[in-house]
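So the sequences go chain by chain: E and A.
Residue numbers for the first sequence follow our numbering, so the first one is 1 and each next one is one higher.
Residue numbers for the second sequence follow our numbering, so the first one is 1 and each next one is one higher.
Just so you know, the hints here were simulated from the structure itself, not pulled from any lab data.
Cβ coordinates follow ideal geometry from the N, Cα and C atoms, glycine included.
Hints are supplied without guarantee of correctness; some may be wrong.
Claimed, not checked - Once the Cα atoms are required to be at most 20 Å apart in a straight line, the calculated SDA-like pairs of lysine to any residue come out as:
{"#": "1", "chain 1": "E", "residue 1": "Lys204", "chain 2": "E", "residue 2": "Lys173"}
{"#": "2", "chain 1": "E", "residue 1": "Lys52", "chain 2": "A", "residue 2": "Lys66"}
{"#": "3", "chain 1": "E", "residue 1": "Lys7", "chain 2": "E", "residue 2": "Leu18"}
{"#": "4", "chain 1": "E", "residue 1": "Lys8", "chain 2": "A", "residue 2": "Asp143"}
{"#": "5", "chain 1": "E", "residue 1": "Lys8", "chain 2": "A", "residue 2": "Arg182"}
{"#": "6", "chain 1": "E", "residue 1": "Lys52", "chain 2": "A", "residue 2": "Ala166"}
{"#": "7", "chain 1": "A", "residue 1": "Lys66", "chain 2": "E", "residue 2": "Thr69"}
{"#": "8", "chain 1": "E", "residue 1": "Lys71", "chain 2": "A", "residue 2": "Ala21"}
{"#": "9", "chain 1": "E", "residue 1": "Lys263", "chain 2": "E", "residue 2": "Lys204"}
{"#": "10", "chain 1": "E", "residue 1": "Lys263", "chain 2": "E", "residue 2": "Trp288"}
Said to hold, decoys possible - Reference listing, derived: stretches of chain E covered by chain A, where coverage requires no fewer than 3 residues with Cβ under 8 Å from a Cβ of chain A:
{"#": "11", "region": "6-12"}
{"#": "12", "region": "43-51"}
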Amino acid sequence: MDCRRAKKTLVEYADGGLSRARRDETGLHLESCADCRALLGMLEVSRKALDKLERVSMPGDASRRTLSTLKSQSASASAGGFFRSPRVIATAGILTAVLVGFAIVVGMFTGGKVPNPKVSQKGSTTTPVSSSGGAAELTKTSVAGQTPAPPVGSLVMPVARATSNNYDNGSMKTMAEGLDVRKQFAQRYTLSDAVNLRVLFSQKLADQFVALGGDGPTLEAMISYIQQSEPVLLPCYAERALFGGQNVIIVGLSGPPRGGNSKMLSRTEFWVMNPEKFVANPDSCIMWWGQSLQNNSK
Amino acid sequence: MSNPDEEGLRAEEQLLSRAQAGDQDALETIFNTYRNQVFSLAYRMTGNATDAEDLTQEVFLQVMRKIGSFQGRSSFSTWLYRVTVNRARDYMRTKKRNPELLSQDGDGAEPHEMLYATSNGPQPESSAIASEAQRLVQQALMDLPMNLRAPLVLHELEGLEYHVVAHMLRLPVGTVKSRIFRGRVKLAEILETHKEQWR
């Protein structure tokens, strides 16, 4: 047995969890290897230390506070509880898409007017028509017809940029607050749009990023990493820039506000990540984090 | 014929459905059953009772909102662990970058306000103050980076098997084992400077 193999068994050796044969084999290696013996000593120390920690229980007053908050949130949500279920939202989305698709086909065959839905639908392609003011607005075109149908709605697309900006904490906040696409997402998209569009927008953003000379796969991996902890976030912005003199990728993702009843994506998180560190260890690559809230009340 | 495990699962499913529909009694039962599991993990991940309380609240609010996405492929308890770990990672990242957004405890502040051991059931609050040794070990745990701390806490303190931790953290089992090994060595290095105090 060499050191590399021995290290794989040392934790269980220290904790007494190895079979007799593997224990003997590891023991034999330990007799001849001072480095592994030193590591074993450290594992035994940490075993002793961890044994001192026991499960802790939630203090009574904290339990009462938390339960009271949960009950009040539950009471306010129960009226619409059924409609908040992701399965119900997904089913409703599919039904809407089927109905809208049917209406489009009927409209094409009868020469009637095509409906103008506000939500996005599957089974459509997009064509860029403008790219001003930050967000490029795309016109949707039915794939069913040979002749393009009239516009049936519009999407606000995510925006990618490559700049030489060298941000610090203050200028990041200013940039985030002033970003048009963040405000447009807040007014345009809902929670169910985020569920339906998040994969597509991640790819669109990566494609734009590649066209600007950026590293698209790393950007997609970063978005996926962020979405691990909160899946219902819709990517809206990416920028290749500097932060404190280091190369970074800034990722903006929109989601619903925390703890509220609004389903509009009025909260945008901004993650400033070092791409080189991300490859080695995602947890250590985050250089800045902040969020902006958009007030949609009219 | 159904076995007791299946019956237990069915009862749990019914409880979850009732909670989802806004049944306050069901919600309270779920909270009382799992609050210590969530709080304890949150405490070990954040090292701070105030943050652990906030995190516990966030986890149960998320559970209320997303209970429909729980598909029963893992146990509810495992699902709850995963939600807690994900929220804790998010919370700690946020805190690291924007401490003013969260609790008023600075990174250098005393992180151990209280500890309540549950090995012999609930204890009076006054008698459950953490020992100095426990405080030092928890402090050392907080000095570990999150990618080492999470698998270490889940396996060593919560007692979850390697493959369960791997599934939860979406990592290969080998990576989980390697991180636990590195985490324990690092923990010993940190504690070495205080060995007279904690041993």
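To see whether the hints hold, each was checked on the structure:
1. Lys204(E) - Lys173(E): 25 Å, violated
2. Lys52(E) - Lys66(A): 35 Å, violated
3. Lys7(E) - Leu18(E): 13 Å, holds
4. Lys8(E) - Asp143(A): Not OK: Lys8(E) and Asp143(A) at ~24 Å, beyond 20 Å, violated.
5. Lys8(E) - Arg182(A): 11 Å, holds
6. Lys52(E) - Ala166(A): With a Cα-Cα distance of about 25 Å, the restraint between Lys52(E) and Ala166(A) is violated, given a limit of 20 Å.
7. Lys66(A) - Thr69(E): 17 Å, holds
8. Lys71(E) - Ala21(A): 12 Å, holds
9. Lys263(E) - Lys204(E): 23 Å, violated
10. Lys263(E) - Trp288(E): Given pair Lys263(E), Trp288(E) is violated - Cα atoms ~26 Å apart, limit 20 Å.
11. 6-12: holds (count 4)
12. 43-51: Contact hint for the region 43-51 of chain E vs chain A: holds, 7 residues under 8 Å.
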